[in-house]
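Asker: Position chain B against the provided structure of chain A, taking the given hints into account.
There are 2 protein chains.
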Amino acid sequence: MSSYNAPLNDIRFALYDVLGAEALFQRLGYADASRDIVDAVLEEAARFTGSVLAPLNSVGDEVGCSFDAASGDVTTPPGFRQAYQQFVDGGWSGLTSAADFGGQGLPHVLGVPLNEMINAANLAWGNFPLLSHGAVHALEHHGQDWQREVFLKPLVEGRWTGTMCLTEPHCGTDLGLLKTRATANADGESYSISGTKIFITAGEHDFTDNIVHLVLAKLPDAPPGAKGISLFVVPKFKVAGDGTVGERNGVRCGSIEHKMGIKASATCVINFDDAQGYLVGGAHKGLQAMFTMMNTARLGVGLQGIGLSERAYQNALRYARERLQSRALSGARFPDKPADPIIVHPDVRRMLLSIKSLVEGSRLLALHAGSLIDVAKRAADPKEREEAETLVSFLTPISKACQTEWGIENTYNAVQCFGGHGYIREHGIEQLARDARITTLYEGTTGIQALDLIGRKTAASHGAGLKLFLAQVQAFVKQHQDDQAMAEFIVPLARKAEEWASLTTDILQRAQDNPEELGAASYDYLFYSGYVVLAYWWARSVAAANASAHGADFRQSKLETARFYYARILPRTLTHAAAIQSGAAPLMAMADARFGE
Amino acid sequence: MSSYNAPLNDIRFALYDVLGAEALFQRLGYADASRDIVDAVLEEAARFTGSVLAPLNSVGDEVGCSFDAASGDVTTPPGFRQAYQQFVDGGWSGLTSAADFGGQGLPHVLGVPLNEMINAANLAWGNFPLLSHGAVHALEHHGQDWQREVFLKPLVEGRWTGTMCLTEPHCGTDLGLLKTRATANADGESYSISGTKIFITAGEHDFTDNIVHLVLAKLPDAPPGAKGISLFVVPKFKVAGDGTVGERNGVRCGSIEHKMGIKASATCVINFDDAQGYLVGGAHKGLQAMFTMMNTARLGVGLQGIGLSERAYQNALRYARERLQSRALSGARFPDKPADPIIVHPDVRRMLLSIKSLVEGSRLLALHAGSLIDVAKRAADPKEREEAETLVSFLTPISKACQTEWGIENTYNAVQCFGGHGYIREHGIEQLARDARITTLYEGTTGIQALDLIGRKTAASHGAGLKLFLAQVQAFVKQHQDDQAMAEFIVPLARKAEEWASLTTDILQRAQDNPEELGAASYDYLFYSGYVVLAYWWARSVAAANASAHGADFRQSKLETARFYYARILPRTLTHAAAIQSGAAPLMAMADARFGE
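Going down the list, the sequences are from chains A and B.
Position 87, counted from 1, in the first sequence is what the UniProt record's numbering calls 87; the numbers after and before it change by one each time, with no gaps.
Position 347, counted from 1, in the second sequence is what the UniProt record's numbering calls 347; the numbers after and before it change by one each time, with no gaps.
Chain A with its partners taken away, still in its complex shape (with noise of 0.2 angstroms):
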C-alpha cells in the first residue's frame, strides 16, 4: 500500500514565502486568517486527510461502490460512509462558505491545500463531496433567495451532497444537443423534469439523506442549441420552499459505470422521470450557470492531479532509496552495501526531479488561482476584482489541463520507478495512475480546455487574461534584472514570456483568415502557456526561498529543482513552439476517408 504525508512545509512556503498569504488575508479582511488559524487547519487537515482516509484509499479500489437494481441503491466501500461523518463533523465541508450559511469563513484558497491533500489520500471519496461545490457556487449565485434559504445550508454543512447533471449518452461537451425536457407544473413554481443523465458523479450514495442534483433540461420554448439550456435544482427526496424534506421524488440511479480507477467513486446514469424541480437563474440561461459550477469543478479537478502526484512522488523517493540496485555509473556509492540505492542512477533522478518540479510548481499555480478568487470576490478596488476575475479565467484550463496531464506523466515515472513491482497492486501505485487516468477526461478533456484557453480565454477577450499574467511576469523580471544570482532564470523567462505573447498573436492573426488555426494551435499553445507559467513559478519560488526564513537544505533544495525545471522541462516549449508554428495544414489537410478503412 502506498503511504502519505501531507507536504505542509512546501505548502506553507507557498502560501506564506510566495503568495504572501498573511498580507493578502489581512487586506482582504478575513479577520479570522491569521497565520496561527490557517496552520492549525492546515495540519489539522493533515492528521484527517493521512490518518482517516489515506488508510481506506486502497479498500475502495478493492472493494469499489456497489449497485443495487432493485432499489436504485449504492453502497460506498467499507469506512467511507464514517468517514465523510467525520469530515462533516469537523466543519471541513463548509472551509470557505460564508457563515451565513453554515460555513467557516475562511478565505477560499485554503480549500486548495485541503482539496490538494484529499485528492492525495483519496481521490475516490474526494469526488463525493468534490461536486456540492459547484453546486453550492451555481446556488450562491444564481439561485433565488428561498433557493439559497433551502438548500444552501445543508449543502455547506455537508448534511446533503450536491450533483452536476449534464452529460446524456450522446452529448458531453456539445450541451445544446441535450434532450432532457422541463414543463411547468400548474403550481406555477415548480417544474416537472424527464430524461437519462450519465456520468454522474456521487449521483447516488449512502454517505447523506438527500441528494441535491443540479440539472441541465430544456423547456418547450427553447431556442435550439447551447443557448436553449435552463438549470433546476431537483432533489433526490422532494424539498418544500420552508426546507421541509417530503416524498421521493423522481430520480433513480439506473446503473454504476464500471471503470479503470475511481472505483470507490459512484459513477451513475441518473433517471429523471417527472421529478419535481426549481429553475435556477432564468429560462434559457442555464449555460451562464453552468459554467460558473463547471469552473469550480475543473479547478478541483487540477488539484486531483496535484494530490495524486504528491502522493505518487512521495511513494517512488522512498522506494528509489531503499531499492538496492547496480552501481553508480562514476564507482559505488555505497560500497558498504550490497549494490546502491537507484537513487544515485540518472534516470532515475531525472524521474523523480520530473515529478518534484512539476508537482512544486503547480501547486503555485493552483494556489495562485485560489487566492484570485478571494481577491475577486474581496478586494477593496474593483479593478481589481475584475482583472483577477479575468486572470482567474485565463488560468483555469491551464490549470485543469496541465496539472491532470502532469498528474498522468507524474504518476507514469512513479510506476516507472518502482520497475515490475510498479505494475502489481501491492504498492498501490498502480492505482494512483489509474485514478489519475480520469482526470484529463471529466470536467472537459484536456482537447477542450484548450480550445477554451485560445478561443474564448484569449481570442474572444483579445488576450486580456494573457496581459495581465504576461505584466505581473515583466514586473518580477524588472524586479530581479540586477540581481546575478537570479539570471540564469530571470534571462530566459523573459525570452519565454516574449515569445508567448508572439506566439499568440501569430495564432490569432492566422485565424482571422482560418479559424480551424485555433483548434490546430489549441494543445501545443495549453502546453506551451503552462511550461511558462510554470518556470514564472519556479523563478519566484527561488527569489522567495532567499528571502525567507527556510533552512539552507529547504532553499538549496529549490534552486537546483528549479534548475532542473529549466534545463529539463521548460525546453519542452520549444516542440510545442515548433509545432503551433507548423499551423493548420498538417493537421487538417487529409481527407477522413484517408485516415484508414
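For the record, the hints were derived by calculation from the structure and aren't laboratory data.
Hints are supplied without guarantee of correctness; some may be wrong.
Computed cross-link-like contacts, BS3-like style, restricted to lysine-lysine with a CA-CA straight-line distance of at most 25 angstroms [unchecked claim]:
no. : chain 1 : residue 1 : chain 2 : residue 2
1   : A       : Lys337    : B       : Lys227
2   : A       : Lys218    : B       : Lys218
3   : A       : Lys337    : B       : Lys218
Using C-beta positions, here's what the derived DEER-type ranges look like [to be verified]:
no. : chain 1 : residue 1 : chain 2 : residue 2 : range
4   : B       : Pro224    : A       : Met1      : 46 to 52 angstroms
5   : A       : Ala487    : B       : Val491    : 49 to 55 angstroms
6   : A       : Pro223    : B       : Arg333    : 20 to 26 angstroms
7   : A       : Ala589    : B       : Lys179    : 30 to 36 angstroms
8   : B       : Gln512    : A       : Arg333    : 18 to 24 angstroms
9   : A       : Asp32     : B       : Glu597    : 29 to 35 angstroms
10  : B       : Arg333    : A       : Glu597    : 19 to 25 angstroms
11  : B       : Ala501    : A       : Arg27     : 57 to 63 angstroms
12  : B       : Arg333    : A       : Ala186    : 41 to 47 angstroms
13  : A       : Ala589    : B       : Lys285    : 52 to 58 angstroms
So these bits of chain B aren't anywhere near chain A, every CB distance computed over 10 angstroms [as the list claims (entries may be wrong)]:
no. : residue
14  : Asp17
15  : Phe67
16  : Ala240
17  : Phe291
18  : Arg321
19  : Gly463
20  : Gln479
21  : Gln484
22  : Ala494
Glycine included, every Cβ here is placed at the ideal spot set by N, Cα and C.
Answerer: Chain B only, in chain A's frame:
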C-alpha cells in the same frame, strides 16, 4: 468491446514496397517464402488472430488467471487453452524455426507481423507463446546437442512452452545479486537448483503438459556479481536424456500477481526446491545466454506496443467518425446531422494522426530489425552478416523502448478520443491502456534500454551501430537529393542525421570526464534516436508509396501522414536535444537528502 482487423494492406506495403522483402528472401535462400506463400500466411494469421484471439481479449481481462494454492496450478481464462491448441495445430508456434526442429523454416521477419497481430488481438494470451522464443534461441545458441534434441522440438512445435526465470524479489536489473543456487548432482550430469524467482511470465498454466524453465542461478564456486551467473534448463516434469518425460520436478508456482492489466497472463512466483536441471552453455557463462533470450524478448515486447497501438487506432478512428459533437470551427461540415463527427476537429485529428504516424513508422522499424536477423543468419557475405548483427543490436533498445512508450502514448490518445467513454470498461479501450502499461517495465525498463543504447550499443562499440544506420540514411538522402518532391523530407532528415552524429560525439566526449553524463543523456538520447529513425522510415515510405502500385488515396495518405510526422512529431527532437545538451549537472547536483523528507 474493441474490435480488431489486421492491417494487412499496410503490412504488405512495408514488407514488399519499402523493405523489398521478395528480393531479400530470394537472396537469402528462403525458397519457400514466395509472395504467394507469404500472403497466404499473413491472411491466415489475420483470420486466426481476428476470429479466435481477439474475441477472447475482454474475457481474459474480466476473468483473469486463477491460482489454486493447494495444488500450485494456474487456470487460464475460458477459451485460452483451446485457442492455444489451434495455434499449435496451425503450425504458428514454429513459423520461423528451422525445419530440423519441427518448424516451418520461414524467414524470421515474418514473425514480426504475426506477433503484431497476436499482440493486437490478445496481448495477455500472446505472452504464453512469447517467452518460448527466447528459450528456443538460448538453447539453439548455447545448448548441448542432446539438450537441443530433447527440449527444442517440443518447444518449437508448441507442445511445451518456455520461460525465462531471471528476476528475484531483491533483484531485477542487477542480476549479479541473485541468490538462486545450483549444485552438481552425483550423476555428474544434472544440477540441483533451489531459490525463488518472481515475475515469471507463463511460469505455470494449463496450456501444455510440460513447461521448460530457463533459470539463472549461481554455482558454488561462482565469482561475485554478474560474472558468476550460470543458465540452467529446468523442466516442470523431469526429462531424461532420451526425451522421456518422468516425474514432477521440484518446481512449483507459489502465487500469481494481481496486476493493473494483462490479467490473463500468469505472472508467477516460481519456487525451485532441489529441482533437477542441466547447465546450458558453460559454467558462469549465463549472462551471454541470457542476453540471447533477452534480445529476442525485447524485440517481441516492442511488437506489443505496435499491436496495442494499431488496435487503439482502429477503434479511436471508428469512434471519431461516429460520435457527433459540436460543429467544425470553419462551419458545419454535415449540416444535415445534429452535429459534426468529432474527426472534423483539429485536436482529434492531431491525436489520430499521432497514433497513425507512430504505428506505421514503428512497423517499419520493427520489420527492418526483423529482416536484419535474417540477414545476420543467412547472408552469404560474412561482413554483411556481422554488420546486420551490429545494426540489429543497436536498434533493439530503440525498438523496444520507443515502440512501448509510443504504445502508452497511443493508447492514451485513443482513450482521450473517446472522452469519458474511454474510461469505462464497456468500450475495451481502457484495457488496451492498462495492458500497454507493462510493456515499458518488463524485459528491461525504458531507462535500462536507454542505458543499453548509449552504453553497450554506442559508447562501448565506438558508435558502430549508429554509423551503419547513418550510412543507410545518407545513401537514401543522396539517392533523392535532386528530387524536388522529396525535399520537404530529405532536407530535414539530412540535418537531423548530422545532428544525431554530433550529439553522440558530444555525449561520449563529456562522458570521458564524467561517466554520469552517459546516464544523464540516456533517456533523451534514446528518444532523439527513435524520432530520427522514424523520420527516415517516413521519408522512405513516401518514396516507396510513390513508386508502388498502390492507389492514389494510399499514396496520398502516406504523404500526408509523413507531413504530419515531420511537422508535429519530429520537433520533439528539439526538446530531447536541449535536454541532452544541458548535461548531467541538473540531475546530479541535488544531494539525496534534499529530494524531500
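Asker: Hints first: check each against the structure and report whether it holds.
Answerer: Hint check results:
{"no.": "1", "hint": "A:Lys337 / B:Lys227", "in the structure": "18 angstroms, holds"}
{"no.": "2", "hint": "A:Lys218 / B:Lys218", "in the structure": "74 angstroms, violated"}
{"no.": "3", "hint": "A:Lys337 / B:Lys218", "in the structure": "20 angstroms, holds"}
{"no.": "4", "hint": "B:Pro224 / A:Met1: 46 to 52 angstroms", "in the structure": "35 angstroms, violated"}
{"no.": "5", "hint": "A:Ala487 / B:Val491: 49 to 55 angstroms", "in the structure": "37 angstroms, violated"}
{"no.": "6", "hint": "A:Pro223 / B:Arg333: 20 to 26 angstroms", "in the structure": "23 angstroms, holds"}
{"no.": "7", "hint": "A:Ala589 / B:Lys179: 30 to 36 angstroms", "in the structure": "59 angstroms, violated"}
{"no.": "8", "hint": "B:Gln512 / A:Arg333: 18 to 24 angstroms", "in the structure": "21 angstroms, holds"}
{"no.": "9", "hint": "A:Asp32 / B:Glu597: 29 to 35 angstroms", "in the structure": "30 angstroms, holds"}
{"no.": "10", "hint": "B:Arg333 / A:Glu597: 19 to 25 angstroms", "in the structure": "21 angstroms, holds"}
{"no.": "11", "hint": "B:Ala501 / A:Arg27: 57 to 63 angstroms", "in the structure": "59 angstroms, holds"}
{"no.": "12", "hint": "B:Arg333 / A:Ala186: 41 to 47 angstroms", "in the structure": "44 angstroms, holds"}
{"no.": "13", "hint": "A:Ala589 / B:Lys285: 52 to 58 angstroms", "in the structure": "56 angstroms, holds"}
{"no.": "14", "hint": "Asp17", "in the structure": "17 angstroms, holds"}
{"no.": "15", "hint": "Phe67", "in the structure": "14 angstroms, holds"}
{"no.": "16", "hint": "Ala240", "in the structure": "35 angstroms, holds"}
{"no.": "17", "hint": "Phe291", "in the structure": "16 angstroms, holds"}
{"no.": "18", "hint": "Arg321", "in the structure": "7 angstroms, violated"}
{"no.": "19", "hint": "Gly463", "in the structure": "19 angstroms, holds"}
{"no.": "20", "hint": "Gln479", "in the structure": "25 angstroms, holds"}
{"no.": "21", "hint": "Gln484", "in the structure": "19 angstroms, holds"}
{"no.": "22", "hint": "Ala494", "in the structure": "18 angstroms, holds"}
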